[in-house]
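Take a look at the letters that make up each chain.
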Amino acid sequence: MSLILEILESLIPASSVGKAWMAAVLLGVGCGLLGCFVVLRREALMGDAISHAVLPGVVAGLVYSPDRNLALILACAVMAGLCGVGVVRVLERTTRLKPDACLACVLALFFALGLVWQSKFQSETVGVMHFLFGNIGSIDGNDLKMMLVSVVLISVMVVTMRRPLLVMSFDPGFGRALGFPTWCLEFLFYTLLTFAVVVSLQAVGVVLVSAMLITPAASAYLLTDRFDRMLLLSMLLGILSGVIGAWMSTSMSRMPTGPVMTLAASGVFVLVYLCAPRHGVLAKSLRLARRRRLIRRENTLKTIYHILEEEGFSHRDVSVMMIASKRKEAEDHVHLTCEGLQRQSLILFSEDKRSLSLTDSGWRRAMELVRNHRLWELYLTREANYADDHVHEDAEKIEHLLGPSMIRQLEKDLDFPKLDPHGRPIPRVDAGYPTGSLPL
Amino acid sequence: MSVYLNQPWEVFGIGALWLVLMAFFVALPCSQLGSFLMLRRMSLTGDAISHSVFPGVVLAFLLTGDLASPWLIIGAGLAGLLATVLIELVHKWTRVKQDAATGISFTALFALGVVMMETMLGQHVDLDLDCVLHGRLGLLLEEDTVTCFGLAWPGLVVVMAAVAVAAQLLMAFFFRVLLLSSFDAGLAASLGYRPALVHYGLMLTTSMVVVAAFQSVGAILVIALLVLPGATAYLCTHRIRIMMVLAAIHALLSAIGGLYLHVWLNTNMSASVVVSGGILLVLAWLLGPVDGVIWKWMAEEPDQSEQGLDQATNSQPRD
Numbered sequence: 001m002s003l004i005l006e007i008l009e010s011l012i013p014a015s016s017v018g019k020a021w022m023a024a025v026l027l028g029v030g031c032g033l034l035g036c037f038v039v040l041r042r043e044a045l046m047g048d049a050i051s052h053a054v055l056p057g058v059v060a061g062l063v064y065s066p067d068r069n070l071a072l073i074l075a076c077a078v079m080a081g082l083c084g085v086g087v088v089r090v091l092e093r094t095t096r097l098k099p100d101a102c103l104a105c106v107l108a109l110f111f112a113l114g115l116v117w118q119s120k121f122q123s124e125t126v127g128v129m130h131f132l133f134g135n136i137g138s139i140d141g142n143d144l145k146m147m148l149v150s151v152v153l154i155s156v157m158v159v160t161m162r163r164p165l166l167v168m169s170f171d172p173g174f175g176r177a178l179g180f181p182t183w184c185l186e187f188l189f190y191t192l193l194t195f196a197v198v199v200s201l202q203a204v205g206v207v208l209v210s211a212m213l214i215t216p217a218a219s220a221y222l223l224t225d226r227f228d229r230m231l232l233l234s235m236l237l238g239i240l241s242g243v244i245g246a247w248m249s250t251s252m253s254r255m256p257t258g259p260v261m262t263l264a265a266s267g268v269f270v271l272v273y274l275c276a277p278r279h280g281v282l283a284k285s286l287r288l289a290r291r292r293r294l295i296r297r298e299n300t301l302k303t304i305y306h307i308l309e310e311e312g313f314s315h316r317d318v319s320v321m322m323i324a325s326k327r328k329e330a331e332d333h334v335h336l337t338c339e340g341l342q343r344q345s346l347i348l349f350s351e352d353k354r355s356l357s358l359t360d361s362g363w364r365r366a367m368e369l370v371r372n373h374r375l376w377e378l379y380l381t382r383e384a385n386y387a388d389d390h391v392h393e394d395a396e397k398i399e400h401l402l403g404p405s406m407i408r409q410l411e412k413d414l415d416f417p418k419l420d421p422h423g424r425p426i427p428r429v430d431a432g433y434p435t436g437s438l439p440l
Numbered sequence: 001m002s003v004y005l006n007q008p009w010e011v012f013g014i015g016a017l018w019l020v021l022m023a024f025f026v027a028l029p030c031s032q033l034g035s036f037l038m039l040r041r042m043s044l045t046g047d048a049i050s051h052s053v054f055p056g057v058v059l060a061f062l063l064t065g066d067l068a069s070p071w072l073i074i075g076a077g078l079a080g081l082l083a084t085v086l087i088e089l090v091h092k093w094t095r096v097k098q099d100a101a102t103g104i105s106f107t108a109l110f111a112l113g114v115v116m117m118e119t120m121l122g123q124h125v126d127l128d129l130d131c132v133l134h135g136r137l138g139l140l141l142e143e144d145t146v147t148c149f150g151l152a153w154p155g156l157v158v159v160m161a162a163v164a165v166a167a168q169l170l171m172a173f174f175f176r177v178l179l180l181s182s183f184d185a186g187l188a189a190s191l192g193y194r195p196a197l198v199h200y201g202l203m204l205t206t207s208m209v210v211v212a213a214f215q216s217v218g219a220i221l222v223i224a225l226l227v228l229p230g231a232t233a234y235l236c237t238h239r240i241r242i243m244m245v246l247a248a249i250h251a252l253l254s255a256i257g258g259l260y261l262h263v264w265l266n267t268n269m270s271a272s273v274v275v276s277g278g279i280l281l282v283l284a285w286l287l288g289p290v291d292g293v294i295w296k297w298m299a300e301e302p303d304q305s306e307q308g309l310d311q312a313t314n315s316q317p318r319d
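Sequence order for the protein chains is G and W. For the first sequence, counting from 1, position 162 maps to 162 in the numbering used here; every step adds exactly one. For the second sequence, counting from 1, position 291 maps to 291 in the numbering used here; every step adds exactly one.
The hints are simulated quantities; they were obtained by calculation from the structure and are not laboratory data. If you're wondering where the values come from, they're calculated on a predicted model, not measured in any experiment. Please note: incorrect hints may appear among the correct ones.
In the PhoX-like style, the derived pairs of lysine-lysine whose C-alpha atoms are separated by at most 25 Å in a straight line are [claimed, not checked]:
1. G:K98 to W:K296
2. W:K97 to G:K284
3. G:K98 to W:K97
Can you build the whole structure from these sequences, using the hints too?
Listed below in structure tokens is the structure:
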């Protein structure tokens with residue numbers, strides 16, 4: 001035991017700046033790890049509720065321990081937080097109140113109880129506001145030891161129990177079916193969470209604990225699809241925001257640590273929100289724009305096919321004006337789309353750029369699209385009992401997505417049909433450009 | 001007994017009336033708005049808003065330099081709207097869910113407010129922690145008074161009464177739209193209403209009421225006033241109009257109960273109002289005519305469930 005204490009002692013930095021940095025790192029680790037579960041459970045504001053609900057516990061600790069025994073105060077706070085969680089659960093089970101209302105009720109009520117109690121014993125509880133609105137600069141060796149122990153505990157627990165905890169976050173019923181001791185796991189999780197909240201309170205304060213729990217985890221959630229990586233990333237982002245906060249508030253005057261840490265975490269989130277490779281807003285809108293462009297081009301190809309078909313495939317040239325009038329678009333617009341198609345060498349403009357013709361690959365793609373569309377229409381009317389005037393919209397969407405294997409399956413199921421529900425021919429896969437005559 | 005009942009009068013005189021009225025005028029608009037927030041499953045958005053109005057208030061204070069200026073309320077309203085927009089931006093565009101989006105937005109705005117206050121205003125300002133936490137309901141009696149109907153009304157009571165009446169009129173005017181868009185936004189949109197507009201309007205009104213209430217009960221206890229009346233009323237009835245009336249009654253009862261707790265136990269008045277509201281919630285939870293736990297327990301006696309089983313087996317078709 002004394003050995004452990006000695007090791008602990010040697011880990012604590014001597015300077016107050018060093019202490020603040022260490023507190024920031026520990027905070028990032030503890031909150032980052034637990035935050036992942038909280039975000040995945042869609043209970044992000046549980047941390048907020050707990051951080052307010054601990055107030056009666058803190059007051060009790062201060063009132064009944066005149067020598068300000070930190071461990072006792074923290075223990076009381078954890079008990080109060082767990083009570084809060086319990087009351088939320090009971091309210092959810094036994095009433096029609098929705099989870100958010102239960103959380104808000106417990107948050108407000110416990111906090112008010114704490115305030116009433118505190119205003120009764122004002123002289124004993126002078127430090128309570130300091131406790132709740134924490135200041136990382138005032139963290140001393142004892143606090144740090146407490147944080148270190150609890151963060152190590154949290155990390156060990158989370159790393160060893162991450163599978164069952166993950167299952168419980170996504171599907172408690174499945175966890176029960178697997179034979180997990182669900183009740184114990186829930187209790188363990190909320191105990192750890194309350195622990196993390198309570199030890200973080202002194203550093204960042206009651207409101208901003210939620211930020212340290214939610215924001216890094218949400219950023220990590222946008223960066224990866226694997227849970228283990230999310231845990232790691234969330235931890236790293238938590239440490240990063242903690243360190244930025246600690247650095248800014250020690251190097252600049254009048255910069256409160258907790259809010260600066262929160263702002264750093266929010267800044268990281270904004271960056272991730274915009275630039276995350278798959279789930280970021282920029283990547284998403286780029287993907288959307290690309291898909292829109294693809295669909296516009298493919299629809300133009302299809303229109304060219306339709307025009308050629310109406311004229312009985314008697315010639316190969318189609319004027320841009322005709323495409324524009326058929327697609328009800330401005331001519332310039334069609335021109336732009338067609339230039340894109342030419343870059344993909346699907347079409348070829350004539351000399352004066354007023355008409356165009358399909359290349360071989362363009363012809364094949366146009367034919368594929370028309371066939372996809374008509375096969376799908378036929379499938380919907382025959383197999384899904386759609387009315388034949390209801391199928392166009394659906395086919396218009398799916399035609400861009402059907403792959404070759406799907407098409408083969410459809411053709412087989414529909415017994416290699418020749419006509420679509422509207423009586424128009426479904427082009428065959430290997431048909432070349434019909435010369436002169438209408439293909440049937 | 002009557003000694004206890006008369007105690008507030010002996011301590012405060014006419015001041016007891018002002019304290020109750022003030023608490024009631026703060027709680028009334030909160031209760032009505034909070035009921036709708038609860039129906040829309042946005043109780044925690046109330047929590048978020050009460051924190052995110054902070055940068056708006058600080059900014060307005062920076063520009064006007066006056067804590068009593070109405071610009072503070074407008075700034076708060078705008079900051080509340082900003083929080084709503086941020087929440088929407090996050091959860092509509094990414095897979096982060098609404099609860100996490102709420103947490104991210106309000107903590108960021110609150111932190112921004114604190115940093116702005118610390119760096120730009122310095123320490124000498126009145127927006128202190130104690131006020132944010134406890135409110136200053138108890139200090140009401142030391143404020144200036146306004147003479148009206150032959151009585152000297154404390155100024156704050158008059159201001160808060162005006163806010164309450166305005167919010168109440170607004171709610172009454174938009175009641176049907178609010179109701180419709182809260183339960184079925186799709187139907188409201190198809191009938192030509194604008195649910196999104198209603199949403200933002202509700203958020204704007206909530207932020208303004210929250211800030212008006214801020215000074216008297218503090219930021220965190222405002223959440224209680226927003227959620228407790230609605231939740232209590234919700235446990236007592238299935239009808240929305242009755243629910244709104246019950247929420248208003250809850251506001252009144254918790255104001256009165258708060259005064260008594262304040263006097264009997266010598267505690268903070270604002271927190272006492274919330275605690276007495278909480279006691280009403282617990283009562284509704286145990287004894288509520290619709291959702292009371294005790295009635296449910298009594299209905300779930302073991303012999304009845306066996307009877308139910310017998311009936312189920314008896315009702316099978318016999319041949």
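Now for the hints, and whether the structure bears them out:
1. For the given pair, K98 (chain G) sits about 18 Å from K296 (chain W) by alpha-carbon distance, which is consistent with the 25 Å threshold.
2. Restraint check for K97 (chain W) and K284 (chain G): the C-alpha separation of about 17 Å stays at or below 25 Å, so the hint holds.
3. Of the supplied pair hints, the one linking K98 (chain G) and K97 (chain W) holds, its CA atoms being roughly 17 Å apart against a limit of 25 Å.
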